[in-house]
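Student: Could you build the full structure based on these sequences and the hints that come with them?
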Amino acid sequence: MRLSKLLAGLALASVVLAACGTTGGGGTANKGTIKIGVDLPESGAETSNGIPTLNGVKFAVDQVKSVDGFTLQYFNLDDAVNGVHDPQKGTQNVQQFIDDKAVLGMIGPFNSNVARAEIKVTNQAHLVQISPANTNQCLTKDIYIPQSLSGVPDVDCKAAGYPFPKDLRPTGTNNYFRVATTDDFQGPAMSDYAYNKLNLKKVGVASDAEAYGKGIADTFSIRFKKDGGTIVKRQDFPNASHVSDFRSFLRSALAAGAEGIYFGGTDSNNACVVRNQMKGIFPDSAPFMGGDGIVTGQCIKDAADKVVGMNGTVATVAAEKVSGSQATIDAFKKAYPNSNDYGAYTMPAYDATKILIAAIDRAIKANNNNMPSRQQVLDAMSKTDFTGVLGHTSFDDKGDTTNKVITVYAVKDASKGWEVDTTVDLSHGL
Amino acid sequence: MASVAAALKGTRTALSGALGTWLFLAGTILVLAVLLLPKVISNPAFFIQILIYGVANGAIFALIALGYTMVYGIIELINFAHGDIFTLGAFIAIPLIGVFGFTDSTPFSVGVVLVLLLVTAAVMVIDGGINMAIERLAYRPLRSAPRLAILITAVGMSFVLEGAMYVWRGANNVHFPDLLPGTRISFLGASLGVKDLIVIGSAVILVVSLNVFITNSKLGKAMRATAQDREAAQLMGININRTIAATFFIGAALAAAGGIIFGLYFNNIRFDEGFTAGLFAFTAAVFGGIGNIQGAALGGLFIGLVQAFSNAYYQAALTDVWIFAILILVLVFRPAGLLGMQVPEK
Chain A
0 MRLSKLLAGL
10 ALASVVLAAC
20 GTTGGGGTAN
30 KGTIKIGVDL
40 PESGAETSNG
50 IPTLNGVKFA
60 VDQVKSVDGF
70 TLQYFNLDDA
80 VNGVHDPQKG
90 TQNVQQFIDD
100 KAVLGMIGPF
110 NSNVARAEIK
120 VTNQAHLVQI
130 SPANTNQCLT
140 KDIYIPQSLS
150 GVPDVDCKAA
160 GYPFPKDLRP
170 TGTNNYFRVA
180 TTDDFQGPAM
190 SDYAYNKLNL
200 KKVGVASDAE
210 AYGKGIADTF
220 SIRFKKDGGT
230 IVKRQDFPNA
240 SHVSDFRSFL
250 RSALAAGAEG
260 IYFGGTDSNN
270 ACVVRNQMKG
280 IFPDSAPFMG
290 GDGIVTGQCI
300 KDAADKVVGM
310 NGTVATVAAE
320 KVSGSQATID
330 AFKKAYPNSN
340 DYGAYTMPAY
350 DATKILIAAI
360 DRAIKANNNN
370 MPSRQQVLDA
380 MSKTDFTGVL
390 GHTSFDDKGD
400 TTNKVITVYA
410 VKDASKGWEV
420 DTTVDLSHGL
Chain B
0 MASVAAALKG
10 TRTALSGALG
20 TWLFLAGTIL
30 VLAVLLLPKV
40 ISNPAFFIQI
50 LIYGVANGAI
60 FALIALGYTM
70 VYGIIELINF
80 AHGDIFTLGA
90 FIAIPLIGVF
100 GFTDSTPFSV
110 GVVLVLLLVT
120 AAVMVIDGGI
130 NMAIERLAYR
140 PLRSAPRLAI
150 LITAVGMSFV
160 LEGAMYVWRG
170 ANNVHFPDLL
180 PGTRISFLGA
190 SLGVKDLIVI
200 GSAVILVVSL
210 NVFITNSKLG
220 KAMRATAQDR
230 EAAQLMGINI
240 NRTIAATFFI
250 GAALAAAGGI
260 IFGLYFNNIR
270 FDEGFTAGLF
280 AFTAAVFGGI
290 GNIQGAALGG
300 LFIGLVQAFS
310 NAYYQAALTD
320 VWIFAILILV
330 LVFRPAGLLG
340 MQVPEK
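Here the protein sequences come in this chain order: A and B. Residue numbers are given in numbering that gives the first Met the number 0: position 228 of the first sequence equals residue 227, and the series is strictly consecutive. Residue numbers are given in numbering that gives the first Met the number 0: position 40 of the second sequence equals residue 39, and the series is strictly consecutive.
Rather than coming from a laboratory, the hints here were simulated on the basis of the structure. One or more of the hints may lead you astray.
Claimed, not checked - Straight line, CA to CA, 30 Å or less: simulated DSBU-like cross-link-like pairs of lysine-lysine:
(1) K140/A - K278/A
(2) K57/A - K364/A
(3) K224/A - K200/A
(4) K88/A - K34/A
(5) K217/B - K278/A
(6) K217/B - K224/A
(7) K278/A - K332/A
(8) K320/A - K411/A
(9) K320/A - K196/A
(10) K220/B - K201/A
(11) K200/A - K38/B
(12) K224/A - K157/A
To be verified - Here are the in silico distance ranges between beta carbons for each label pair:
(13) N366/A - W167/B: 55 to 63 Å
(14) L328/B - G256/A: 51 to 59 Å
(15) T105/B - G256/A: 53 to 61 Å
Since the structure is predicted, the reported quantities are computational estimates derived from the model, not experimental observations. The C-beta atom is built at its ideal place from N, Cα and C for all residues, glycine as well.
Tutor: Now the structure itself:
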């Protein structure tokens, strides 16, 4: 009895030892583990942002499983505190990634203000960071709104209330990349859409007078004039979150001949209350336009019975509009069947993960098939030349994607909410 | 320095007395005429449209301003929590309306009117009760303490109420069901909504009834007496505590009605709506003459009009600047306000 147990144990041990001894054969992952850190807001009101994005990462890692004999794993941490994304929690999370030797790169974060806190930390550790969703231009560029877009002198990041990119990178080299483009293209993209697709010639423009809102309203206006249209009325509302009545503005825009309204601002600054108040003033067909600040569920609630006819830009690629990507989307939806599993940033997260894995693969090969250092992954990352579900991605020296695409969302059917309408490709300049 | 002080003192009485009142009124009307007349002539229909908006907004400000002015008149307290009592009224009404199953798609009917009246009455009582409780717990114990103590308490109560509403309904706009008819009628070239009429009409009814109540009822008389001289009133057998509590109740009831009217009119309300609305209403109360009921109503109307005209004809970015510039001018040249202060005599 005793002997047989011992023999069985020895047999089992020899099997395990034999397995360990095999090298390289048939892609068996046994050289160790490489982890991909994932920092996203996963709880509370942020669940609808973070979880579909995290699913994109999971789906990519589960597809690839291993790279050059190393097992791939994701290591995800939640940066939401009490249900709201938190920069400090974000830095704690990236510190955990840095402390784990197996983490060679990270995906995230979701929010630009979290990125601003995290880059300072990851930069010193030479840890590659790639965000699927950040769109604030000051993470990579010095100029918040260039004169060429706004018609008024350059507004630099400091004037807009953000630190310069170099202040976020103490080592002086870049370790931050993103697959979304920047917010400064949102205004021009919507302008082209309004003039060419919505056939608007006269528009009333307002903003919440904040850096983001006024910025996109200014860039929309200058581009719209270049397109051949007229801005018939312009107002900026400081403390827009406390303004309850926008009808005087709407009436004066209508009296001046406006066929639609562009509002630069966020739903929390009453952007979609403006839309609701167009009721009884503008004809039902008059469109309402804005940036990603209105492409939200809260906006749908605020606009109430005036949701149809809203159009908003988001500074990221919609994989649905990239040819050849539908198969991956379908495969994802098969693996994650719940409708809440998929979101606007699922496929960007999927591609970001694939890009990171490809860089890790190149770094391993460059290091004679051994575990590369973080610096080697970073070097490989800058040489990215990748074609995936978002189309073709490479990075400029600041870390911005060369795949500059703005997606226009629209509400055409009240029961369906925001839907992808079209994409505007600005990769070849405006 | 002395001469500057004397000159400043001079400005404070420059527009007092009957002649001063006329000068002040004439000056205000003249400035409005110079600024607006060319706009009226170029597009009268548009002017009337904006006028309607201004009057409707002003009516809501007036309802809030009444509470400020009544409380100030009787205990010389700027009740900073009053704006939040206004928001609270709308917040309490939303679930009560929900009980009856009314939504945006409910057609306007007699039933809707009855339910709205019932809900409004209930909310006025609840909100009034809450304000009375606040007075009892937070203000009454400090009534004889230095003015600053009770003022800070009022600021604190404002944060408590806003915090409670934030926890209750969150940071975003809360939808208030759109129950009033969207019918619009043509009026002198402008488009007048039935909603506008209902808002203006109900505000007028409330202000007039309050005025009748204050002038004719026994409690109204007690309130006026307490406002004039608290000790003398007490000697005459007036229950001071009950009178002050009643003042808080009535002020809050009007603010609650204002909150429901706001909700029905704009269909969106947020936990901190009362902060700015309260600030404007307070400005309206000072403009009209603090402590003065008719003054507060007129002041509210005036602020509503300034806001609407500024947003329509001038820069919206400067609207608040206009309103508070007016407040400063009034405080410097006519501290008693449009219709004169009515505060306790010292």
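Student: The structure should be examined with respect to each hint, and the outcome stated for every one.
Tutor: Right, here's what the structure says about each hint:
The hinted pair formed by K140/A and K278/A fails the criterion: a straight-line CA distance of about 40 Å is larger than 30 Å. Between K57/A and K364/A the alpha-carbon distance is near 24 Å, which keeps this suggested pair within the 30 Å criterion. A threshold of 30 Å between alpha carbons decides the hint, and for K224/A with K200/A the separation of about 9 Å falls inside it, so the pair holds. Taking the CA atoms of K88/A and K34/A, the gap is near 20 Å; set against the 30 Å cutoff, the hint holds.
This hinted pair does not check out: K217/B and K278/A have alpha carbons roughly 46 Å apart, beyond 30 Å. Among the hinted pairs, K217/B with K224/A is inconsistent with the structure: their alpha-carbon atoms are about 67 Å apart, more than 30 Å. Restraint check: the Cα-Cα separation between K278/A and K332/A comes to about 38 Å, which exceeds 30 Å; the hinted pair is violated. With a C-alpha separation of about 17 Å, the suggested pair K320/A and K411/A falls inside the 30 Å cut-off, and the hint holds.
A hinted pair counts as satisfied when its Cα atoms are at most 30 Å apart, and K320/A with K196/A qualifies at roughly 17 Å. For the suggested pair K220/B and K201/A, the alpha carbons sit about 59 Å apart, so the restraint of at most 30 Å is broken. Distance restraint check for K200/A and K38/B: the Cα-Cα separation of roughly 26 Å lies within the 30 Å cut-off, and the hinted pair is therefore satisfied. The suggested pairing of K224/A with K157/A holds, with an alpha-carbon distance near 28 Å, which does not exceed 30 Å.
Range check, N366/A to W167/B: about 57 Å between beta-carbon atoms, so the 55 to 63 Å window is met. Under the hint 51 to 59 Å, the C-beta atoms of L328/B and G256/A, about 36 Å apart, miss the expected range. Taking the beta carbon of each, T105/B and G256/A are about 36 Å apart, not inside 53 to 61 Å as hinted.
In summary, the structure is inconsistent with hints 1, 5, 6, 7, 10, 14, 15 from the numbered list given earlier, while agreeing with the others.
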